[in-house]
Each structure stands twice: as structure tokens, then as C-alpha cells.
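Number of protein chains: 2
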Amino acid sequence: MSTNNAPTRIYLHESELPTQWYNLRADMKEQPDPMLLPDGTPAQEEHLYPVFCKKLAQQEMDGQTRFFDIPGEVLDIYKVYRPAPLCRAYDLERTLDTPAKIYYKFEGNNTSGSHKLNSAVAQAFYAKDEGLKGITTETGAGQWGTALAEAARYFGLDLIVYMVKVSYEQKPFRRAVMETFDAKVFASPSDTTNAGRAILAADPKDSGSLGCAISEAIEVAVTNEGYRYVLGSVLNQVLLHQSVIGLETELAMQKLGEYPDVVIGCAGGGSNLGGLAAPFLRDKITGKAKDIRIVAVEPASCPSFTRGKYAYDFCDTGKTTPLAKMYTLGSGFKPSANHAGGLRYHGMSPILSKLYHDGYMEAVSYEQTKVFEAAKLFAQRETILPAPESAHAIRCAIDEALKCKETGEAKTILFGLTGTGYFDLVAYDQFNNGTMTDYIPTDEDLEKSLEGLPQVG
Amino acid sequence: MSTNNAPTRIYLHESELPTQWYNLRADMKEQPDPMLLPDGTPAQEEHLYPVFCKKLAQQEMDGQTRFFDIPGEVLDIYKVYRPAPLCRAYDLERTLDTPAKIYYKFEGNNTSGSHKLNSAVAQAFYAKDEGLKGITTETGAGQWGTALAEAARYFGLDLIVYMVKVSYEQKPFRRAVMETFDAKVFASPSDTTNAGRAILAADPKDSGSLGCAISEAIEVAVTNEGYRYVLGSVLNQVLLHQSVIGLETELAMQKLGEYPDVVIGCAGGGSNLGGLAAPFLRDKITGKAKDIRIVAVEPASCPSFTRGKYAYDFCDTGKTTPLAKMYTLGSGFKPSANHAGGLRYHGMSPILSKLYHDGYMEAVSYEQTKVFEAAKLFAQRETILPAPESAHAIRCAIDEALKCKETGEAKTILFGLTGTGYFDLVAYDQFNNGTMTDYIPTDEDLEKSLEGLPQVG
Chain A
52 MSTNNAPTRI YLHESELPTQ WYNLRADMKE QPDPMLLPDG TPAQEEHLYP
102 VFCKKLAQQE MDGQTRFFDI PGEVLDIYKV YRPAPLCRAY DLERTLDTPA
152 KIYYKFEGNN TSGSHKLNSA VAQAFYAKDE GLKGITTETG AGQWGTALAE
202 AARYFGLDLI VYMVKVSYEQ KPFRRAVMET FDAKVFASPS DTTNAGRAIL
252 AADPKDSGSL GCAISEAIEV AVTNEGYRYV LGSVLNQVLL HQSVIGLETE
302 LAMQKLGEYP DVVIGCAGGG SNLGGLAAPF LRDKITGKAK DIRIVAVEPA
352 SCPSFTRGKY AYDFCDTGKT TPLAKMYTLG SGFKPSANHA GGLRYHGMSP
402 ILSKLYHDGY MEAVSYEQTK VFEAAKLFAQ RETILPAPES AHAIRCAIDE
452 ALKCKETGEA KTILFGLTGT GYFDLVAYDQ FNNGTMTDYI PTDEDLEKSL
502 EGLPQVG
Chain B
52 MSTNNAPTRI YLHESELPTQ WYNLRADMKE QPDPMLLPDG TPAQEEHLYP
102 VFCKKLAQQE MDGQTRFFDI PGEVLDIYKV YRPAPLCRAY DLERTLDTPA
152 KIYYKFEGNN TSGSHKLNSA VAQAFYAKDE GLKGITTETG AGQWGTALAE
202 AARYFGLDLI VYMVKVSYEQ KPFRRAVMET FDAKVFASPS DTTNAGRAIL
252 AADPKDSGSL GCAISEAIEV AVTNEGYRYV LGSVLNQVLL HQSVIGLETE
302 LAMQKLGEYP DVVIGCAGGG SNLGGLAAPF LRDKITGKAK DIRIVAVEPA
352 SCPSFTRGKY AYDFCDTGKT TPLAKMYTLG SGFKPSANHA GGLRYHGMSP
402 ILSKLYHDGY MEAVSYEQTK VFEAAKLFAQ RETILPAPES AHAIRCAIDE
452 ALKCKETGEA KTILFGLTGT GYFDLVAYDQ FNNGTMTDYI PTDEDLEKSL
502 EGLPQVG
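Respectively, the protein sequence lines represent chains A and B. Take this note's numbering: the final residue in the first sequence is number 508, and no numbers are missing along the way. Take this note's numbering: the final residue in the second sequence is number 508, and no numbers are missing along the way.
What the hints contain is simulated information worked out from the structure, not anything from laboratory work. Incorrect hints may appear among the rest.
Any copy will do: because identical chains look the same in the list, a pair fits if it lies in one copy or spans two.
[Claimed, not checked] Taking lysine to any residue and the SDA-like style, the derived pairs with C-alpha atoms no more than 20 Å apart in a straight line are:
#1 370 <-> 257
#2 130 <-> 144
#3 421 <-> 230
#4 235 <-> 481
#5 370 <-> 499
#6 499 <-> 363
#7 130 <-> 428
#8 306 <-> 64
#9 235 <-> 113
#10 235 <-> 305
#11 421 <-> 477
#12 370 <-> 507
#13 306 <-> 358
#14 179 <-> 493
#15 421 <-> 453
#16 130 <-> 146
#17 130 <-> 64
#18 360 <-> 485
#19 80 <-> 70
Can you build the whole structure from these sequences, using the hints too?
Put into C-alpha cells, the structure is as follows:
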């Protein structure tokens, strides 16, 4: 029954763990447009100091330095759960009867159940190193909040998490696991901040959004001595830290004598896709692999790339952040309450936005019932219960493999399996019993949410 | 900060995966006492055929064959999630300030979140190979049921699971994940069997026990054409399959030039401890390592080894099975409803019972708040949220490491981290908010539950 010529899972040796993060911006032909202050002038590094740690502000603004050393304290934790395995989905290939080879990089082997820990550890370390007392953040489905709780506890930092209310209610155990790492967790919008109170005043039943939770977390960070704010996606610094995914994958594929024809990642704010695809986007940009395809997969209910506008926008609903040039649905956008997984941010990484705009990437969107269909098939064949986020990439990888079945092409497909779905059983239950529904925003919905875009840039 | 001289995690290469299971009985000086029929005569292999697949019945009864080949189809699935890592708990060591070296074998990297998949895959394969239509089983905390759901679905078998009612209600998502693998799950005692109805007639509010769920699952297996019953612990065949844990651990430690001074495993029915310790128990029996200590850790609320009786007893509450000689609390024993994790079986593996009785093993018990204290510390330092079951072993490993701190001995401690606690957040929540309680049965409780022991053997 076994047709193995490559191992089913490849674990690099600990000594092969990357010791530097890779900064894709250093190889981009054109830099992403700069962050702007509300008055339309470009933000400088020091403008970020009230919100971010200095080292992180520096990483955020540095488009030139190709490699950043990973601090030893960060490597110590990386070694507890990394290198992460590159897996060959032999059984899924057999089930699909495809000539394609399907590989996935699995990032779920830690308590956060996702790749989010890669950046959480880095950001918590720099906060500790700067002598801070605590950090604040938002979380949607809860992977980022859990990862940061792990990292903050490890370094002895206080952590305050604002969790999107609809997810807080759908996933009660996320709070419990964050509390196991001593984090304080509030459902957002909350009555603990001006931003939250303003949103609740407008609609006491507001179910929350990442943009709103960000406003609350930033407000707490800037009004409390010794606190800074950290974010799990979208930012340049996060893509930098997540490059560890791509670097490991590149090395593991080299060892197999493989190179992907297509790289697929789910995309909410872009942290996973940007990390996984970084070396491959470099190869495409530099012409080393000009035919490689990089595909972002997003939910049809939150279609930033496929239906958003490439424009300057606020990163939060309260409009307190600098402006970023990105694909956006408008900072007030919220996916409908029936949306089960993460990938619920209104915007998208400025780096990936620029590359998508310049034609280096593709994007597709799927409705969630199609996504869970793929999730269930994958779980049944590969013994990993995927996170709904990750299952977007699985859906696309399966469809690419089925295209190969039609054409007879033996393509090499690589996708990012960002995490596990142990906290998403309410959604799985809905899918299993047939009560899961889909939702696609209408053109009118999107036009309305884009109305308030700032008039700059 | 890093003091590493061994890697933090060691993954054997796929080519180093054991291709045979090891049968500890072949090296025991005295065999475990034989299974008896209700009339007191020894059971023969063919007596087991109505309940077990023939190949599994053969493995159950064979005390002579030292190694059994692992079928290729089983190895194909093992390769998806094995070899499992052997980890050095550097940060826990630093936190405890102990001279001891702490290693753990981590078995949680699959959807069942535990080592249970090792035997589930084997048992489902033999059932498929024998041409069966389906299998039935019981599950307590749900790890075994989930593992078997994965395995059954993989081989295209129907699966019916009876889940101990108190766990079914404490862990609603276990049902959802088993259903994702198309299993049918009933809370036990149920009204679907004579055994369940009899128990409900005696007490409509009966919260269930493994012994009761076993009675229900066996009844369904023997009364439905093409079905057999499978069990996740206690049996000799299960310890055989689980030896893959110990064999991998032995090889990984050899590569490090290490050998444990003490091997620690949680013990409910003995599947994990029996598997992990198999090569080390062999070394103790044969005199190759006569000073090695093997420690079983059990809940104070279900203390089979530490307070049970070594006697013949039924394996189920309905008294439908042959009799096994084992440490038992009586087949009607139930841990109190506040008991959070698994490890709730009234008996214990006959192999381990014999070895414990003959002085090759030690046993300790802990109350659950002490166990969760260790679980939380471990999660915070090692980024893995342990299952409550596994945390019993962690508690004991920490206490052994603290003894080393007192004595200054740099012992090598090895324990089994059997799985993850993603489905145990209700219990973690209780621990975090201070509402978790302990329970130790009184001597009178135990005397009463032991009253009904069969008068044979």
C-alpha cells in the first residue's frame, strides 16, 4: 500500500533551525508604500515608540536589512517546538487519485495550536528585553491570544487580551487556556476602554471585530505605564518573524530535491502566508523561479484581496493607528456572525498587498461549508484535525490537485497547515449536523463599509 | 541562557521506526495468571473469538513470541505521526533548579491527542483484515474513542462508542470530534443495551463508569453480525502495540548515551506505562539494569495499585467478560464525579499487576489539585498543555526532580507525556478559578466495592 519515496514527515535537526529571520522587503523591486500619519505625512520609527517596543518599531520600518539575527532566548523556545515538520500527504494524494505531490508545513505542534507562537515569542522577548511590565493585544479566533499568553508567561510579562466577542462566546475554552498561562481576557467590545464603550453605545449588541479589539488593546497599552501593544499579523515585523516557516520549508524541500510549483496559504492578515512564501516570493521576484505560483486563500465572508480596495486605511475600527496602504474592506468591516474561523481582519499585510497588486501573487476565496468539507476529508486521511483557517489552504490544495488529475500534470503543491482545530468543535459540530451556513457580503455591503476610507495617500 | 548539550527534542528518522512490537511477557520470569472463564477454568484463545478478532485474540494469549511484525498498513499510518519526539525539559529543570535531567516521550501529536492511536490503528487494521463491518468500544475521557474513530474511519469500518456519561457531559467536544470521523457516540449507561438499561433501572442518574461502558460495547459487538469489540487499555495486546513507545524511547536515549534511573508513567489500565516501560522492565527483569525504578502514578480517587486487591475480577460492571487476575477496586467501582481526567478504570493490566506484585514496580497516587498544579507549571515552561492523565506522571517527575535537588543527585528521569489537554479545559478552568476539589475514597468505600469479587482463582 505504501508508495513512499520521500518520508511522510521530515523534521530538520535542531542544528538546522534558522538562526536569522529573512526580510522579504530587502529583495522587493519596489517597497510597500510607507505608513502615514493621520495628516498624510510618512510615519517615522519614533512615531511608533508609544505603541511598539523600539526593536520591533525598528524591524517594522527597516526595508533594507535582509537578515535579522534571532536572539538566543527566542531560539531556546523555538527549539521546544521547532523545527516544524514538512509532511507529504501520501494518503490524501491516493484518496484524490491525483498525480500531484502534496506537501504541507505543519505548525500546530504547540499549545497555541498554530504558527502564531513564532512571532509571539519574538515580540514578548523584545518587550521583556526593553524592561516592560506587560503587553496588550487583540485576538480573533484565539490562536494569537493563546500563543502570546504562552510567550508572555514564559518571559514573566503581564498580558491583557481583547478577544472578539463573537469568538469569545463561540470558543469559551480559549479563555480558559489563556488563563492557564495567567493572561487577563476580555470580550471585545468591552466597557474597560473608551473605544469599547463608544462602540457599545452605538450598538450594545455589537459582536465585535478585530479592528475594534485592536483599538481597545492599543488604548490600554498607551495609557498604562510600562505597557506596549503587540499584534499577531499584518505588520512587517510579524512577517519577518514568520519567515522561519518558509526558511525551514525551503531547506526541507531542498533535502528532498523538491521545489514547489504552487505555494498556498490561508490569508487573514497574511502572517502565515507571508512567512511560508517569503523565500519563494524572493525567487519569483529575483527571477530564479519566475513561474512559481503563490496563492492566498481567504474566506468569501471576509474577502480583502479578492473584493477589497488597495488604499490607505486605518488598522483599527477606532481609527487610532497610522494609515497603512493595503487591500482593505474598510476599518469598520465585520464578517457576519456565522463566520466560524479566524481570517476575519478587514485589511491585509502591506507587503503582501503590494506584491499582489504588482502581480506576484494570486488570491481565491471560498465559502466556509466548502472549507469544512476539505477539513473533514483531510482529518480523516492525515490524522490531523485542521483549524478552519488552515482548511482554506487545504481546500485550495485539493482543488489544485484535482486539476492535476484532469490534466495529468504531476505538480508539486505546497501549503501551510497553520494549526489545529481543537477549539473549533462548535463549528465542526455545525458542519457535521448540517446547520453550518455560508455568507457572502453583497456589493452594497462592501461599498458601504469602504465609504469611510480616509482621504490621504 | 541555553545550557543545551542534548537537543531539546529528538525525532528519530522514519527509517528508525520500529517494525516489530515487543512482547514483554516473553521475558517475564513468571507469566501473569491466566484469564479464567466464569466456571474457573482457564480461557483458551477460541473463547475470545466471539468478542475479539482472531489475530488480536492470538496476540492476547501468546506469552512466548518475543516480537510481532507490525503490518505494513499499520506502519503507513504510524509514519504519519511517528516517530514521536523524546524531549528534554530544559526549562522545567531550570525552573525547579534541579541537578536531575528530565526527559519525556511526547505522544500527543495526533488528533486523538494521545498515545491511544498506536493500538487503535493496529486493532482497526486487524478488524478490517478479517473482513469485519464494524467495531464497538467504550471510552472514558475520550482519548481512546477519538483515536479509534480516526483509525476506524481510515480503514472504512463502522464504529460505535459508549462514552462514560460524566465525561460525555464534561467534554461535549469529544463527541463532535469523534463524529468528524463518522463514529456513532452514546453516553453510557444508555438505553440501547440490556446492560445499560439494567444500570439505569437501578439508578436513572447513574453517571457511568468504564466497566459499564464496556458491558454495553461488548453486548452490541456480540449481538451484531460482522462486529467485534476492541479495548484501549488493560489487555496484553494493547501493551504489545504500545511497546512502540518504549522501543522508540530506548533507541533515542541510546543515541544520547543516556539511560533512565527512573521511568514514570500515569496508570489507568496501564497502556501507556506498559508500552513506555516495556524495554526497561525487560532490563530490570533480566538484570541488565537491576536498579532502575519503574513508577506507576494513579489518581487518589481511583487507586487500583496503591489500594486495590490483587485478585481475579470481571473486566466490566455487567460481569460478562472472562476473569482477569489484576489489581482491582471491584468491577462496580466508580471514581467520584468530581474526578476530571481519565485513569478511571477499576482494574489494571494483568501484566503490570503481576510485575507490581512481584516487586518490579512501584506505585504512587496523587490528588487532582496537586496534579493540575504540575500540569500548569509544565504548560507554562514547556509550551505543551498536558492531558490531566499525563499530568499525573509530570507531578511525580517533578517530585523526583525536587528530591534530586535535596540530595544533589543528577538522576535521569524519564516520563511519558501521553497526550494533550485541549479537551480538558473545563477542568483547567476549575483549577484556575479555585473550584476544583479532591476526593479520596474511604476504606469503607473500597471494602464495599470489593465485596462482590468473584470467588475463583
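Given a CA cutoff of 20 Å, do residue 370 and residue 507 count as a within-copy pair, a between-copy pair, both, or neither? within (14 Å within a copy, 78 Å between copies)
What label fits residue 80 with residue 70 when the C-alpha limit is 20 Å: within, between, both, or neither? Classified as neither; 25 Å inside a copy, 52 Å across copies.
Pop the pair residue 235 and residue 305 into one bin, within, between, both or neither, using alpha-carbon distances up to 20 Å. neither (43 Å within a copy, 44 Å between copies)
Alpha-carbon proximity context of residue 360 and residue 485, limit 20 Å: Neither: 34 Å inside a copy, 49 Å across copies.
Within a copy, between copies, both or neither: where do residue 130 and residue 146 come within 20 Å Cα-Cα? Classified as between; 17 Å across copies, 34 Å inside a copy.
Between copies, within a copy, both or neither: which fits residue 421 and residue 230 at Cα up to 20 Å? Between copies only: 18 Å across, 33 Å inside.
Reference check for the pair residue 130 and residue 428, CA-CA at most 20 Å: within, between, both, or neither? Classified as between; 19 Å across copies, 31 Å inside a copy.
Same-copy or cross-copy closeness of residue 370 to residue 499 [CA-CA at most 20 Å]: within (17 Å within a copy, 68 Å between copies)
Check residue 306 against residue 64 for me: Cα-Cα at most 20 Å, and say if that holds within a copy, between copies, both or neither. both (12 Å within a copy, 14 Å between copies)
Given a CA cutoff of 20 Å, do residue 306 and residue 358 count as a within-copy pair, a between-copy pair, both, or neither? neither (39 Å within a copy, 54 Å between copies)
Quick one: residue 421 to residue 477, C-alpha cut-off 20 Å, is that within a copy, between copies, both, or neither? Within one copy only: 17 Å inside a chain, 31 Å across chains, cut-off 20 Å.
Between residue 235 and residue 113, at a C-alpha cutoff of 20 Å, which is it: within one copy, between copies, both, or neither? neither (32 Å within a copy, 55 Å between copies)
Violation of the numbered hints given earlier is confined to hints 9, 10, 13, 14, 18, 19; the remaining hints are satisfied by the structure.
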